[in-house]
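Asks: Sequence:
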Amino acid sequence: MSRFMTYGRDILILSIVFLGGSFATNLIGPILSIYINSSLGASMTEVGFVFSLMNGVAAVMQILGGFLSDRYGRKWFHVLGTLLAAFPPLMYALASNWLDLVPWVMLSGFSLGLYLPLRWAMVADASSPEKMALAYSWINISWLLGITVAPFVGGVIADYLGIRSPFFLCSVLILCVFPLTLVMRETKRQQVKADMEKNKEGLVSGWLFVVVVFSLINIVQGIGIGMTAPVIPIFIVSNFSVDYTFVGIWYAITFGVASIVVQIPAGKCSNRFDRRWVMFVTFLVSSPFFLLFFYSRNALELIVSMFVANAILSASWPAFQTLMMEATPSAKWGLVNGLSATTFWVGQMTGNVLSGIFWDDVGHWAPFCASAITMGISAILPLLLKETGAKVKNPK
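Those letters in the sequence shown? Residues 57 to 452, by this note's numbering.
Among the hints, erroneous ones may be present.
Okay, the calculated beta carbon distance ranges per label pair [stated by the list, open to error]: (1) Phe296 to Gly218: 20 to 28 Å; (2) Arg241 to Val212: 34 to 42 Å; (3) Cys425 to Ala355: 19 to 27 Å; (4) Gly97 to Glu357: 28 to 36 Å; (5) Phe296 to Leu146: 27 to 35 Å; (6) Lys442 to Tyr128: 42 to 50 Å; (7) Val212 to Val317: 50 to 58 Å; (8) Val317 to Ser152: 37 to 45 Å; (9) Ile320 to Trp421: 17 to 25 Å; (10) Phe329 to Leu217: 18 to 26 Å; (11) Phe143 to His420: 32 to 40 Å; (12) Leu348 to Ser94: 21 to 29 Å; (13) Ile413 to Ile72: 19 to 27 Å; (14) Tyr216 to Arg65: 34 to 42 Å.
For the record, the hints were derived by calculation from the structure and aren't laboratory data.
Heads up, the beta-carbon is just placed ideally off N, CA and C, and yes, glycines get one too.
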């Protein structure tokens, strides 16, 4: 009972940290590319460069941060990363041109790379095999609640107080979350015996191959998402004459709400069905909607097409994360989450660079078409893995 209470406390604190952190960062997420382009005078190619620089630094740091957390513990690296994350948004607001952002997007990537993989490893640390998929579902909901509300709030603040205002509030909110990281306990624990049991069942003996497959999924999907992330706000504003508030509402509905409503059913599906096929179906079925988004004729179609795309795709998250944790040694979870996050960032960085080039030199449709194709390709990769779900469905 005491262990249950301790781990329940860990999940609760992590949920609040995820909620607060996602609310803070998503105040500025939807307007960042617009701000860099319209207020700081960057071209779309330069916008892509800024995004890719941040993601590149994050990619390197996530491997290092994950490795160090497995060796020395997770708490204090998490504390440091969260504290450092509070400063870049403040400096974004004070910038006079896009080149002023360079050192601060690098610091943002450093802090993000330091704390992000640790949070996902901490969820696995604090969960039993039977409850891990549902724990990730609840963590996802906490993270997504911030994403749902914050873009709308950020858009309203940008419209009424100026586009720089949400950046100041972002810094303040991160500093408010920071004390919670200090009261969290160290979750890293020795699980060598558990890993030996997994190896007897053949679940983690080929864990390096598992990491390679998940890394490929992340790279391919990162490219797809990175191709559209910088251009979507500009596409919406330039083609539909909407204000920043609409952009915030659009993000809230099409990503936040769409992802939240599927998390609990997705967690249950992860425990009930073959997780590889859950990923295959969700990846494949979501892909056409990323292209259909470009052909939207009105605001309703903008919302519906991306809502469906993100709802279906995000239903894969509990299966993805749980299968990756079950198929790898628990003593390596920090490193595995770091590699997973890094490869996604590498893909996203590549997509960010290509997004502006495709938009400027090929056509405004090109990033959306490339996104749909890469999502479809990623569906093949989970079938290379071995299913581990039977261990959860029939616990001994």
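Asks: Each of the hints needs a verdict: does it hold here or not?
Replies: Going through the hints against the structure:
Checking the proposed 20 to 28 Å range against Phe296 and Gly218 shows it holds: the Cβ atoms sit about 22 Å from each other. In this structure the hint that Arg241 and Val212 lie 34 to 42 Å apart at CB holds, the actual value being about 37 Å. Between Cys425 and Ala355 the CB atoms are about 22 Å apart, so this pair conforms to the stated range of 19 to 27 Å. A hinted range of 28 to 36 Å for the beta carbons of Gly97 and Glu357 is consistent with their spacing of about 32 Å.
Checked against the hint of 27 to 35 Å, the pair Phe296 and Leu146 passes, with Cβ atoms roughly 31 Å apart. In this structure the supplied range 42 to 50 Å is violated for Lys442 paired with Tyr128, their Cβ-Cβ distance being about 31 Å. Distance hint check: the CB atoms of Val212 and Val317 are about 23 Å apart, inconsistent with the given range 50 to 58 Å. As the Cβ distance of Val317 to Ser152 is approximately 42 Å, the hint placing it in 37 to 45 Å holds.
The beta-carbon spacing between Ile320 and Trp421, approximately 36 Å, falls outside the hinted interval of 17 to 25 Å. The supplied range of 18 to 26 Å is broken by Phe329 and Leu217, whose beta-carbon atoms lie about 47 Å from each other. Separated by about 35 Å at the C-beta atoms, Phe143 and His420 satisfy the suggested range of 32 to 40 Å. The beta-carbon spacing between Leu348 and Ser94, approximately 27 Å, falls within the hinted interval of 21 to 29 Å.
Restraint check, Ile413 to Ile72: a C-beta distance of roughly 40 Å breaks the suggested window 19 to 27 Å. Checked against the given bound of 34 to 42 Å, the beta carbons of Tyr216 and Arg65, roughly 39 Å apart, stay inside it.
In summary, the structure is inconsistent with hints 6, 7, 9, 10 and 13 from the numbered list given earlier, while agreeing with the others.
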